[in-house]
Amino acid sequence: MSAGYHIVVCGGIVPDPLQTLEPVQGPAGWGLKNELMLPAILDPWAGHALFEAANLAKNVPGSKVWLVSMGPKAKLQQVMMTIAQKVPFELVVLDGPASGFADAHETGAALAEAIAAIPGLDTSKLLVFGGWQSASRGAGATMQVIGEKLGIFEQFQGVDKLEVLADGALRVLERVEGGSYQDSVVSGAPAVFGWATGELPEPPNNPQVGMQNMRLVMPALQKAKPVKLEKGPEYSGVQIPSQKRETRVVKDAPVDQIAKEIVDWLSA
Amino acid sequence: MDTLRTLPGDDVRQIMWRFTDRYDIQMVVQSARSLARGLVARLVAEGARKTHEWTDHKAQLLEAFDTSGLTALFMDPHQGGFIDGPKNLALALVAFELAWVDAGAATCSLATNLALAPIHERGTTEQRDEYMGRCVPPLPGEDRAPFRGAFALTEPLPYVGVETNTLVGKLRVAKWEEGEEPILQVDKRGRFITGMDFANFATCAVDTDDPRIKSSCIVIVEDTDPGLFDRGAPTLKMVHQLSSTRDPVFNLQVPASRIVGGYTVKDGVIVPNFTHSEIIGAVFHRTRVPVALMTTAKLLSAVEPVIRYQRQRFRGGDASEPGTSKYELGLQAKPDSVLRLVDIWAAGEAGASLGFATARLFDQLDPTEKEKDRVFAERGVCGAKSQLTALRKVEKQAIEYLQMEAAPTRDEARFAELGQDTLVRFALLESLANILCPACKLWNTGNGANVMREALALMGGYGITEDCPGFLFYKWTDAQLEATYEGPEAVQRRQLSITMTNEVFLARLRIIIDQFMALGESKPETGAAVVAKGLALWLWTIEFLHRAKDPSGARLYHNRRQNVTFPMADALCWLMASYCQIGDVMELAEKGPENAVVAEGLEGTLGFFTDLSLVQAARAAGEASRVCASMVYGFGPQAAEELDAFDALRSQLDRSMAGAALAKDRAAQALTQVMIPEALDYPL
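Line order of the protein sequences matches chains A and B.
Counting in the numbering used here, the first sequence runs from 110 upward without gaps.
Counting in the numbering used here, the second sequence runs from -3 upward without gaps.
So here's chain A without its partners, still in its complex pose:
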């Protein structure tokens, strides 16, 4: 496809999973303790989508990547210092909550509206990428909502591989039960892809790519549109899953022994 794709990646930020994430109820509903102060990262699911998008854009001339992100813009700026170094993209910012307690429908509608408003976006070339799941908004519904709102009904979830065929059709591998894949072919854009882990590793930081991206990232942050989500579901209670750790530190164990122990544990 010589004209290329317009790839929009939807990706939010989440607290760094190394942190202690303790739910607390505040005046505005449930949230995490000290959430704003915790270091944040790009949602790992969205990260895979972004790296796949950049790779696709690199291999299909004329393509362009946008990253549409909703979150507190001060936190987004920090995360962009890393993400902007990975791959080229243009940022579109919605200054709103990144909380895991936000309603997926409201979030999806706000993101769809932002995508539709991107200047110069050609919906006939549009591929909407995002995380199949999320480390915070784990409803697994946001990408479907975005697609429906944009009128895109070719949707694929749990994607691990996307291949452009010679005739311009797209071959997609979606995860299904039992470690198997559903192999589909769609004639082309527009389509929505909720990515699982994809195939690509995280690219190394490249400050030169970052410097190019930041020329657009900073203005995007400055003109970020505030978004106020309607009140979502009411939670009668929230708690951290109970932890049970049985960690042993064993040095120099043979690989076979480690594998056997894991298999024994899985089949126990």
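A hint or two may mislead.
Selected chain A positions facing chain B (in silico; Cβ < 8 Å) [what the hints assert, rightly or not]:
1. Val133
2. Ala137
3. Leu145
4. Pro170
5. Met190
6. Thr191
7. Pro313
8. Asn314
9. Asn315
10. Pro316
11. Gln317
12. Gly319
13. Met323
14. Met327
15. Pro328
16. Gln331
A few chain B positions that, by computed beta-carbon distances, are all more than 10 Å from chain A [said to hold, decoys possible]:
17. Gln22
18. Phe78
19. Glu176
20. Gly258
Source of the hints: derived by calculation from the structure; they are not laboratory data.
Each residue gets a CB set at the ideal place from its N, CA and C atoms; glycine is no exception.
Keeping the supplied structure of chain A fixed, place chain B upon it in accordance with the hints.
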């Protein structure tokens, strides 16, 4: 009352260390951090430090430095870099981030920069663009390997150590045909040369061994030059093993255009434009700052693993159940462990404040120094001695400017005139840089190594084991090298003993004392008054030492009396670190509310950092007070009125410490409450 809720994040640090609006630097920090906590941590955990040899395992670092942009950081955009202008702060932050995990990796990252530094500081434009351009990693489509360098200053075996005045490396004229460029014979043996395993070129300090060459110089040799480019034996060092270090031997012929900074021919004699010591002075002025911050990074990186250890000390055993104080707080149920950790954290903060303030100062000094050189060149003032003499003449104007700056009213026209004078600006910046640079190299590393021992001691059950979290044992031993290389502690004390009596600096000190006295009255909780009293006592003691004599009639403040000059240099370092720390806290107080992330919980964060600054101020003033007392009484007897005056100042200093112990209690209490991540961000 709100207290510290989480460990300070990037938003807080960017304000305190003044790079909030420098997103180019912020990206470099993130880049260095992911490299440090990824590849570097894995190398250490996998035992890469256990050999003196440079291995393929360690060599992964080089490619990672290239791909993450750290190799190109030192270069200007037209040379293939990506940051325009001075890069001292950026380089300091990179060293800090890498040393957070392993300082050897930080040294390895900086080695080529050190080799390039003589060319960068004093090289000709052609030399700068050629060598810096070749050291940039290849761009897409380019088929070449990046050039890497090593810096050979130190002397051949058995003369171990730095000697900047006497050089054993020799330079002779090998061939000089009429009308052609001279070919020079370089004969140099290096010792402890970083980056030598993979260096393609080396910048070597050599002395003249030929009447046709006038002076010493620094010369560039390459591995393809005719002759011997022997990388030598690996240095059997016990620390910083993630950097390559060897004792090379060079015996090569190079064209005279390799003399750094160029040369002129006068009466048939090659006259290098810069002697080796002139170049080295400019180089070490700057490269010492990142080294100082390497040790500081270790102290601050120790906080989180120590807290984790303290809290989890008793978990998993039969002695405590979840929900009990012993289970939840562990060692932190008792005050001593957290009080000691407060000391470590406070020292780390002070070191960071001092080091980053110095890096920022050099970012200001760099363009001013170039402008100063241009002005002197226009006026025909050549050579270091002539420049020094000329600069002495502007000291009075610099002092006048300082006094006008601090005064409530002033002659604005005169103030502007002085402010626009390049030489005045240079004299002002240099007088402070000449203090802060040796001070951070001396204090951050020397005192830092001592404090690092305390951090390791707090690890108790883990102690000196390979699985001690945060690689604390390695960090402790590495710190000793940082206190040694790029000028051992005595070299820094020696420099300070000369520069700390500079009149421009002393004039600035008097103003700082007044300003901090005023700040101490409005904000006593910062410890500003303690620092002001400490500086006042130090200043009085310096003046006393200049007029006082010992019973034999010998002057007390004398170049050779290092039991006077050196302790006073140490005392000044403590106070300057504390001064910078309070400055950073005040910056956070001013700018914190403007940042949405920092504003959330600012009261607690600011309160904690303020408590730390008071704790450190009391410690610094106490140390300075002890040193000053040992000077005034130790070489006595002295006149009674002198002793009375000293006693009065010292008594005021002691009283200004009111509340310091309470601040330490509050900070220690905060450490029992602060949230820490669930797991270490890099492996065992």
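| Against chain B, is proline 316(A) within 8 Å by beta-carbon distance? | It holds, given that the least Cβ distance between proline 316(A) and chain B is near 4 Å, below 8 Å.
| query | Regarding the assertion that glutamate 176(B) does not contact chain A, is the least Cβ-Cβ distance greater than 10 Å? | reply | The claim holds: glutamate 176(B) sits with its nearest Cβ about 41 Å from chain A, beyond 10 Å.
| field | Hint status (Cβ of proline 170(A) to nearest Cβ of chain B, threshold 8 Å) | value | violated (15 Å)
| said: Checking hints one by one. Is glutamine 317(A) an interface residue toward chain B, by the C-beta closer than 8 Å rule? | reply: Hint holds; glutamine 317(A) Cβ to chain B Cβ min 5 Å, cut 8 Å.
| query | At a threshold of 8 Å, is the proposed contact between methionine 327(A) and chain B supported by beta-carbon distances? | reply | This hint holds: methionine 327(A) lies near chain B, its Cβ roughly 7 Å from the closest one there, short of 8 Å.
| said: So, as I understand it, the hint says leucine 145(A) touches chain B; can you test that by seeing if any CB pair is closer than 8 Å? | reply: holds (4 Å)
| query | Quick one, is the proline 313(A) hint okay against chain B at 8 Å, beta carbons? | reply | This interface hint holds because 5 Å falls under the 8 Å limit.
| Is it the case that phenylalanine 78(B) keeps its Cβ farther than 10 Å from each residue Cβ in chain A? | Given that some Cβ of chain A is not farther than 10 Å from that of phenylalanine 78(B), nearest at about 5 Å, it is violated.
| chain B contact restraint on methionine 190(A) - CB to CB distance below 8 Å | holds (4 Å)
| said: Does the closest beta carbon of chain B sit nearer than 8 Å to the beta carbon of asparagine 315(A)? | reply: holds (6 Å)
| field | Given as non-interface: glycine 258(B), partner chain A, CB spacing beyond 10 Å | value | holds (31 Å)
| message | Quick check on the hint: methionine 323(A) CB to chain B CB, less than 8 Å? | response | Check passed: Cβ of methionine 323(A) comes within 5 Å of chain B, closer than 8 Å.
Against the hints set out earlier in the document, violations occur for numbers 1, 2, 4, 15, 16, 17 and 18.
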